[in-house]
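*Asks:* Following the hints, complete the assembly by docking chain B onto the known chain A.
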Amino acid sequence: MFEFRNNRIVNIKNRKVLDVAGRRDQENRNIIVHRSHGGKNQMWDVVYVDEYDQWKSKQAFDSGFKQGRSFNIVSRMNSHRLLTLSPDGRQFVIARKDNSPNQLFRYDSKNRSILTYVGNNAITIGNNGRNRILKPDSNTKDWFKNWRFEEDGHITNERGTCLDVDGRRDRENQRVISWRRYNHNNQKWNIVYVDEDTVQNGLIANKPFRLLSKMRGRRALTRNGSKIVIRDKDNSNDQIFVFNGKSIQPKQDNSLSIDIEDYGKDRTIMFRKSENIWS
Amino acid sequence: MVNERGLVFDVAGGKDVNNQKVIVWKSHKSLNQKWIVDYV
Numbered sequence: 005m006f007e008f009r010n011n012r013i014v015n016i017k018n019r020k021v022l023d024v025a026g027r028r029d030q031e032n033r034n035i036i037v038h039r040s041h042g043g044k045n046q047m048w049d050v051v052y053v054d055e056y057d058q059w060k061s062k063q064a065f066d067s068g069f070k071q072g073r074s075f076n077i078v079s080r081m082n083s084h085r086l087l088t089l090s091p092d093g094r095q096f097v098i099a100r101k102d103n104s105p106n107q108l109f110r111y112d113s114k115n116r117s118i119l120t121y122v123g124n125n126a127i128t129i130g131n132n133g134r135n136r137i138l139k140p141d142s143n144t145k146d147w148f149k150n151w152r153f154e155e156d157g158h159i160t161n162e163r164g165t166c167l168d169v170d171g172r173r174d175r176e177n178q179r180v181i182s183w184r185r186y187n188h189n190n191q192k193w194n195i196v197y198v199d200e201d202t203v204q205n206g207l208i209a210n211k212p213f214r215l216l217s218k219m220r221g222r223r224a225l226t227r228n229g230s231k232i233v234i235r236d237k238d239n240s241n242d243q244i245f246v247f248n249g250k251s252i253q254p255k256q257d258n259s260l261s262i263d264i265e266d267y268g269k270d271r272t273i274m275f276r277k278s279e280n281i282w283s
Numbered sequence: 020m021v022n023e024r025g026l027v028f029d030v031a032g033g034k035d036v037n038n039q040k041v042i043v044w045k046s047h048k049s050l051n052q053k054w055i056v057d058y059v
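Read top to bottom, the protein sequences are chains A and B.
According to our numbering, the first sequence is numbered sequentially starting from 5.
According to our numbering, the second sequence is numbered sequentially starting from 20.
Calculated directly from the structure, the hints in this document are not laboratory data.
Computed from a prediction, not measured in an experiment: that's the story for all the values here.
Where hints are given, some of them may not hold.
[As the list claims (entries may be wrong)] Below, simulated PhoX-like cross-link-like pairs (lysine-lysine); rule was C-alpha separation at most 25 Å, straight line:
1) A:K231 - A:K250
2) A:K255 - B:K40
3) B:K40 - A:K277
4) B:K53 - A:K255
So here's chain A without its partners, still in its complex pose:
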């Protein structure tokens, strides 16, 4: 026989409690009974099925983030740059606001992770939490992917490290790492909730698209060899492009990019093996 008391499920006879074995927050981990020691691996919420959505929202609120909303993470250093997924998609940096989806994030209250809008990956401490490098990685419940927004502006994990602008340097593309707290502004952030429509003018990296002219015919930008024209929309790959964070490329050939002729002095655009920056 068990009773539910102070978030613990206690055996009435021997006073032992339900305990996640080894304190490991992993999928398929065994549940055992153990003497009570006050650890989080012995604490439970009873969630009635019809109250699950309410509970989920409360969890998100407890984490300091609002569930289901997109947001920017803005540094409290002087320039107020935004946490940004780097264009190569491998690390996090600070950069000036550019309305790109690389600066948008969402919170997953189930896994307690901060997800990139581009790629839906979790902000993750590298090498399973053993180094200080932050990278985007699959969204799981591991502690090195769990974050909480504190009232004082820190974004921390349960091991006490937090998002930190490396070297306290408030400059473009400075790397953001995980580091122990020392209460400086390079570790403090504001969460600014935004309407996702504000990024509609930016291109979502690595997501294939057509570009349709707003003229009456709604013709699609089309690759014609190295030239670029408009044609009626069809199902051909010549009308499908990808933005790699810098350049627009044919989906079928990422060695080519849209480039302005004569080093940008001409009016003609072509596909070439070089990069030009578009947004």
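*Replies:* Frame of chain A, contents of chain B only:
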């Protein structure tokens, strides 16, 4: 679609016909410079 110098994709001459060239031009906000991103 704008680059860092402010040039935009422009359907040459504003002619809405098949195989009309697309060039870059200074922005003048006409329909031949406006585009819809249609994710697939």
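*Asks:* For every hint, state whether the structure bears it out.
*Replies:* Hints, verified against the model:
no., hint, verdict
1, A:K231 - A:K250, "holds, 20 Å"
2, A:K255 - B:K40, "holds, 20 Å"
3, B:K40 - A:K277, "holds, 20 Å"
4, B:K53 - A:K255, "holds, 22 Å"
Of the numbered hints listed earlier, not one is contradicted by the structure.
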